[in-house]
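Whenever a hint applies, use it, and build me the whole structure from the sequences.
Those letters in the sequence shown? Residues 1 to 97, by my numbering.
These are computed hints drawn from the structure, not numbers from a lab. Just so it is clear, CB atoms sit at the ideal spot from N, CA and C, and this is done for glycine as well. Be careful, since some hints might not be right.
Said to hold, decoys possible - Subject to a maximum C-alpha distance of 20 Å in a straight line, what follows is the list of computed EDC-like cross-link-like pairs (lysine to aspartate or glutamate):
#1 Lys41 with Glu83
#2 Lys77 with Asp40
#3 Lys41 with Asp31
#4 Lys41 with Glu29
#5 Lys41 with Asp10
To be verified - Label-pair ranges, simulated between beta-carbon atoms:
#6 Ala80 with Glu55: 31 to 39 Å
#7 Ser56 with Met81: 31 to 39 Å
#8 Ser56 with Pro7: 29 to 37 Å
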Amino acid sequence: MNLLRQPSFDTPCRIQVEQSEAHFHAHVELDGDVAIQPGDKVRVHGDPIIVGFGESILIQRMATVHPAGPLLRAWTKLTAMGELKELYEVSFTTSRW
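Structure (structure tokens):
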């Protein structure tokens with residue numbers, strides 16, 4: 001048993017991309033009952049998707065899922081909080097700039 005990675009597998013997926021005034025997003029939904037967990041990697045196959053402003057597109061493609069092993073999953077969970085804390089700064093000083 002590999003502690004870092006489990007065997008990878010391919011699965012179909014749906015990709016929805018939209019670029020407009022109201023929405024700017026790209027979502028990938030894997031077919032079946034695939035649960036992505038901390039440390040897992042997903043690689044979607046195919047050419048880059050280009051969507052013009054005011055457009056949206058829904059595409060079917062294949063994706064390869066690389067599940068994390070127990071050691072990598074634990075490491076990802078352990079380090080996630082530290083990385084999250086880098087995104088914000090809290091200050092309780094009374095001085096103003």
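We went through each hint and held it up to the structure:
Note on Lys41 and Glu83: the hinted pairing holds, with a Cα-Cα distance of about 18 Å set against a maximum of 20 Å. For the hint linking Lys77 to Asp40, the alpha-carbon distance of about 11 Å falls within 20 Å, and the restraint holds. At roughly 16 Å between alpha-carbon atoms, Lys41 and Asp31 fall within 20 Å of each other, so this suggested pair holds. Our distance criterion of 20 Å between C-alpha atoms is met by Lys41 and Glu29, whose separation comes to about 14 Å.
Only pairs whose Cα atoms come within 20 Å are accepted, and Lys41 paired with Asp10 is accepted, the gap being roughly 12 Å. At about 34 Å, the beta-carbon gap between Ala80 and Glu55 stays in the expected band of 31 to 39 Å. Range check, Ser56 to Met81: Cβ separation about 35 Å, and the 31 to 39 Å hint holds. Take Ser56 and Pro7: their Cβ atoms lie about 35 Å apart, and the range 29 to 37 Å holds.
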